[in-house]
Amino acid sequence: MMDKLQQTLEALIFISVEPLTPAKMAEVLPDVPPEEIARALQDLLAAYENSERAIRIIPSAGGYVFSTKPEFDPPVRKLLQIERRKKLSGQALEALSAVAYHQPVTQAEIAAIRAVDSSYALHTLLENKLIKIVGRKEAPGRPLLYRTTEKFLAYFGLNAIEDLPSAEELKKLMQEENA
Amino acid sequence: MMDKLQQTLEALIFISVEPLTPAKMAEVLPDVPPEEIARALQDLLAAYENSERAIRIIPSAGGYVFSTKPEFDPPVRKLLQIERRKKLSGQALEALSAVAYHQPVTQAEIAAIRAVDSSYALHTLLENKLIKIVGRKEAPGRPLLYRTTEKFLAYFGLNAIEDLPSAEELKKLMQEENA
Amino acid sequence: MPSEIDEGYQIKLGVFEGPLDLLLFLIKKKKIDIQDIPIAVITREYLEYLSSRERINLDREAEFLLMAALLIYIKSQILLPREQPAALEGDPRKELVDHLVDYQRIKAAVGVLREREEEQSQIWRRAALTAPLPEQDLDLIEVSLFDLAESFFSMMKRRQGENLKVIRGKELSMGDKMKEIMTILKERDFLDFLDYLGSHDSLEEALLAFFCLLELIKARLVVAIQEQLFHSIKVWLRKDAPPVTKGKE
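As they're listed, the protein sequences go chains A, B and C. Note that our numbering gives residue 54 to position 54 of the first sequence, counting from 1, and the numbers run on in steps of one. Note that our numbering gives residue 162 to position 162 of the second sequence, counting from 1, and the numbers run on in steps of one. Note that our numbering gives residue 241 to position 241 of the third sequence, counting from 1, and the numbers run on in steps of one.
It is possible that some hints are incorrect.
In silico lysine-lysine, DSSO-like type, Cα no more than 27 Å apart, as pairs [as the list claims (entries may be wrong)]: (1) A:K132 x A:K86; (2) C:K218 x C:K179; (3) B:K24 x C:K186; (4) B:K129 x A:K151; (5) C:K29 x A:K171; (6) A:K69 x A:K86; (7) B:K151 x A:K137; (8) A:K87 x A:K132; (9) C:K31 x C:K75; (10) A:K171 x C:K107; (11) A:K132 x C:K107; (12) A:K78 x B:K24.
No lab work stands behind these hints, which were simulated from the structure alone.
Just need the whole structure built from these sequences, with the hints factored in.
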């Protein structure tokens, strides 16, 4: 049974181009207590999760957005006439993880971590808006500092940067791989 | 009870930028007889019409498209207005970069840099307090001069305007493309 | 063609992202504890790989050579007789090991990101919204009749240049044309101003359509809006417009 608040949230998430954040929901519905919005949101998500619909609501970059379910990838690609989605190169992905785990970080630091010149990879990432310049480091030469973007979160289906595996979890992953 | 064909149509209508026509559906699903598509489509429409969802599928321009139900117009409008206000358009961003790198600068100078009339973009930027008027230029017509604001610095995480990436640095980043 | 390496590892061309990547591969292949690298063995293996690089395709040669130099340097440090016990000086391998451990973590993260990228590549979000924007969205620019006229006449000039053949015949009335426009708007939500005028076969008919549009704007039945300067002009039905002929709903 859906109540009016759930329906309103559904309409709002549907119409929002970017993932709809709880802050924006509160801004649109100033008279509804945030706890109530949060509860209705949970119910809405559960309702979609349990439904037979081909679309669902997913958390993304701190907000909520509609998406298709993975099993409909082939017909969707056929409609959009996309052969295959472009993937990031190994170089770019490596530089990106270095940024993600060491941000804010300079180009020289990334190069040191990878023992490889990373300017081309950084350029690709900047162009794809997966990283951004966030200022300068207070160090000789005042080099530019880089951080991951909201688009980075959305691209990898993360809600927040904390959703990335922690150093501890990575260590575990490495051990599993070596075992 | 939704079958796979209904779900596929649902995903396709959802993702299509234009209203999805029966012809397009047939193109994506060449192995399914058109009558079967038509029937599944009717069932899908009926399922949405009878559901408690805030969204539904409506015929439009010879095709089908998702839309929110009319009773949710007020919150939807409110959200769209908030989103428009918050998001800087590409036009505004371009004008902003012209101000940032050439300040203090007049409207005519910005228009010359962008090869586009920029009055609307400047208006948006002023309204968002990302730029401000700092006086008039000692030139014919004494045009207004614009500068970026403190809010601009905060927005982009800069300490001072000197922290903007220099032309040299940008050039280096861009050149990597050709490397 | 992939080359077979002694212990059954398959080396694909260009598979190493850098010297650390290669080093990690060698360490794993030898089943060595990363904290306790037998530097002589690893250095030898590393150099062997470099010398066979036509098989491995190292396009970042300098970086690989730099690592080779570092390995040889560390090896020489270990071999060098010392006056004090090595433990006090610190193990010359330590910095490399720390670096490798950190890099290994980055590699693990790459694995995680790659998996997520794959997962995400199969779900789709809408790129843009098709829903018409509400009419009282004040950010939009309501264009003046002058703007409309200007874009119209510049288009007609262009079309005349195309050496258009004019088809005469149909008797056209303003009432019919206005009804036609309203019907289209009811069905389609909006009209692209230039596209619509351009879709007419004859100049006369297009002119008629233009004046009908002006009439409808004047009568406040429709509204002409430009979402951004220099973008196309769209014509929308006003929400408060009275229904025309037979509305379906």
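If any of the earlier hints don't hold here, list their numbers in rising order.
Result: no hint breaks.
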